[in-house]
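Those protein sequence lines, which keep their order, are chains A and B.
Going by my numbering, the first sequence opens with residue 3, and the numbers climb by one from there.
Going by my numbering, the second sequence opens with residue -6, and the numbers climb by one from there.
Among the hints, erroneous ones may be present.
[Said to hold, decoys possible] When the alpha-carbon atoms are kept at most 20 Å apart in a straight line, the in silico EDC-like pairs for lysine to aspartate or glutamate are as follows:
| hint | chain 1 | residue 1 | chain 2 | residue 2 |
| --- | --- | --- | --- | --- |
| 1 | B | K495 | B | E516 |
| 2 | B | K150 | B | D118 |
| 3 | B | K295 | A | D102 |
| 4 | B | K225 | A | E117 |
| 5 | B | K107 | B | D147 |
| 6 | B | K225 | A | D15 |
| 7 | B | K8 | B | D127 |
| 8 | B | K150 | A | E117 |
| 9 | A | K99 | B | E14 |
| 10 | A | K37 | B | E48 |
| 11 | B | K150 | A | D78 |
No wet-lab data here; the hints were simulated from the structure.
Remember, predicted model here, so these are calculated numbers, not experimental data.
The lines below spell out each chain.
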Amino acid sequence: MRNKYSMYRIMVDANKCTGCRHCETACSLTHYMDKVNYHRSRVRVVGEGGQFFPLLAGPYVPDTQECASKLEIVIDGVVYDQCMLCRASCPNKSIFKEPDIGIPLKCDFCGYREEGPACVLWCKSGALTLVKLER
Amino acid sequence: MYGWQGKVLRVDLSKGLIKRENIPETYQSYLGGRGLATKIFSEEVDPSINPLSEENKIVLATGPLTGTGASSGCICSIVTKSPLTNTITCGQAKMYFGAEIKAAGYDLIIIEGKSNSPVMLSIQDENIELLPADYLWGETTLNTENAIRLAISDPWKARETRILSIGPAGERAEPISTIITDGLPVKNGVGIGAIFGIKGLKAIAIRGTRDIDLAYGKGFIEAVSSSIDTLKESETSKEFSDFGTYLLLEPLVKIGALGYENFSRATPETVFSLSAKVFKKEIWKRNRGCFSCPIACLKQTKLGFFPEIDEFISLGPLCDIINPQVTLDAYRICIEYGLDAVEIGATMACAMQLQEYLTFGKTQAFLETIKASGRGEEIAGILNKGALYLARHFKSEDIFLGVKGRSIPPFDPRIIQGIGLQYATSNFGATHLTGFTLIEELKDPSSIKGKAKLVRDYQDRTAILESMGICPYAQFFLPLTIFIEMLNQATGLDFKEEKILKMGEDIYHIERLFNTNAGIKNEDGLPPKMLRQPVNGMISKLDKMLKEYYELRGLGGEE
C-alpha cells in the first residue's frame, strides 16, 4: 500500500468539523487500548470563534521565548487566538501532556496500520481525511 | 468495574454536605442513566410530595456507555418530580455534560435539600465545592456560562469545564423553566429548571481528568467502527445529518399534521414556504454533534443553535409565525432565560386563541411577550405556569390541549394516530420524545393497526437507550443489537437483547407506579378536541389503541 516515494498526511477541514470529539476518544482508545480519557489524546478539538478546530499534536517546543504564535488573527471580522489554534505541545499549555507523568504527546499516525489512523476512521463528518502526497 | 465508574456523588444542599458513595448494587439490572436514576428516585422520594418542597431530589445519571466513545453516547439523564405535571420526569442533557461527569469519576449525582442562598456546585475530580453564586443570580444562562469560564485562568481548562445552568425563569421556580448546557436546552427538561431554582442551585460546573476503563478495548473499537460503517452506508442517516429533525418537516406539512394556530385550523399553504433546504442555505452555518456522535443532527446558526423541529413549530406555525428568523429570535430568548420552547409556544398559542394579551401572527408582540415572561414581568405570572393554568385562569379549559398538565407537541394526533397513543401513555405528560414513532408512522399515519405495539416498542427501546447513555435519535439508523454489543464489550458482561428490552419495560412500570402513587390515575387520554372535532375529516381513534396497548403492557384496563 505504501510505496517509497509517497507520504501520508492527515488533512484537516475545520469547516466540516461538528465538534463531536469522536477523534479524541478514538485516539485515547487506540493508544491505551482499554482506557478512554480525552486528556490522553493526541488530537484535541478546540472551539474558537464559533468554529471547531481539530488539532493534531505537533512537535514539542521547549523554548517559547521567541514564540510567534501569540497573535490574534482576524478573518471575516471574527477574532481567533492563534495560540489556541497552535498544535505544538508547549510548556505553556495544559493540553497534549500525558496526565500521569507529564511528558509531551505527539501524533504518531497510530503506527503503521493498514487501515490508517484511528481518528480519521472515526471522523464521519469528513473533517479529518488521510491524503497521500506523491512526488 | 468496567464501563461504570462505580461512584455516586450525593450533595445535601441544606447541610452543605458532600458524600461519595458506591453505586447501588442493583446497577446491573437498570444499567444506569434513566433506568438507575428512576429506580433510585422512586425508592428515595415519597411520590406524594409537593415537587417544589425540600424533600424533592434531582438525580443526574450517566449510563455505562456515556463518554466512552460509543456512537451517540452523550446522554446524562436528569430525573425529578416535575411541578408542571406532578409526575416523575426525565430530561436528557446532551452536548458534553454527561461525558464530563464520567471523566470526573462519577456515574450519578444526587442533589437533595435546599440551600438558603444561591450556590453553584463545582466538581473537579475529587475536589467538590459548593460555591456562593449570588453574583450569578439573575443572569441569563449564556452570561452564567461565560462568567464561570472567565473565572478559570487557564483557557484550556476553561474550555474543558462543562456547565449546566438555569436562567431567571428557573430561579423564580416557574413550572415551564428548563436547564441549559453549552447553549442547548435539556431535551424533555420542562419543569426541571424550577427544581434547581427552588433548591437555590444556579449551576453545576464540572471538569474531570479520570480514565474510563473498558473491559475489551479492541472489541469495543470494532463495535463502534462497525456502527460508523453502517452510518456511512445509510442514505437516510446522511440526510438526517444534513437536515436534522427537519427531515420530517416536508412530509408532516404534506399530510397536514403540523399544529397550526393552536390546532384550530388545517395547515394553510403559507406553511409550505418553510423548507429545510432554504434553512440550510440561508441560516444554518454548520452541523453540530454532541459528544462522540457521528450523526451530528444539531444545527448551528451565526449565534447559537437552531431549534429542533418541535421547538420550531411551537414557536412558529403554532402561533402563526411563518418567519424562521423571528422563531430563531424567540428561541434564543427562551435559551437565555431558561424557558422550555415547546411549552411556552403552546401557552402563548392558547393566549392568542383566547385573544388575551396576544393575537395570532403578530411578531413584535410575540417577541416582547416571551422576553417579558422570561424577565418575570407581570404577564409571566399567567404564562409561566403553563397552558393549563392559563386556560383555567380564563375559565376556558377546553382550549388547553395537553395530557397530564403538559401541552402536546405540535404534531397532530388526529392525523398521525400512533403519536396520539404515545402522548396519552407517556409517563411524563404529553411528549413525543419518549416514543418517537413519527418517522416510522409516515408510511401509514391514519391506520391504527399495530400502532399499540409500535408505541410500546419505541417506549421500551428509548428507555433502555437512555439508560445506556445513548441518544435515542440513534435508534433510527442503528439496530439495538449494535449497542448491546458495545455495552458487552465495554462492561465485560453478557447482556442479551431480550433481557435488555425487559429492562426497558421495567423502567416504564416503575415510572407509572410512581405516578399512580402520586395520585395520577386514569389520566391516559387526549384532550376532547382531538377525539371529537375532526381535522381533514379525521379524529384520533385513541380508545381502540389504548385497549390494545394495555393488553400488551399487562395493565388490566384502568388501574
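These are the hints, each one checked on the structure:
The straight-line distance between the Cα atoms of K495/B and E516/B is roughly 25 Å, outside the 20 Å bound, and the hint therefore fails. Using a Cα cut-off of 20 Å, the hinted pair K150/B and D118/B holds, with the two alpha carbons roughly 13 Å apart. Taken as a hint, the K295/B and D102/A pair is broken in the structure, with Cα atoms around 39 Å apart against an allowance of 20 Å. Restraint check: the Cα-Cα separation between K225/B and E117/A comes to about 16 Å, which is no more than 20 Å; the hinted pair holds.
About 32 Å separates the Cα atoms of K107/B and D147/B, which puts this hinted pair outside 20 Å; it is violated. The suggested pairing of K225/B with D15/A holds, with an alpha-carbon distance near 18 Å, which does not exceed 20 Å. Between the alpha carbons of K8/B and D127/B the distance comes to roughly 18 Å, so the proposed pair stays at or under 20 Å and holds. Of the pairs offered as hints, the one joining K150/B and E117/A is violated, with about 33 Å between alpha carbons and a cut-off of 20 Å exceeded.
For the given pair, K99/A sits about 31 Å from E14/B by alpha-carbon distance, which is inconsistent with the 20 Å threshold. A threshold of 20 Å between alpha carbons decides the hint, and for K37/A with E48/B the separation of about 38 Å lies outside it, so the pair is violated. A hinted pair counts as satisfied when its Cα atoms are at most 20 Å apart, and K150/B with D78/A does not qualify at roughly 27 Å.
Of the numbered hints stated above, those contradicted by the structure are hints 1, 3, 5, 8, 9, 10, 11, listed in ascending order.
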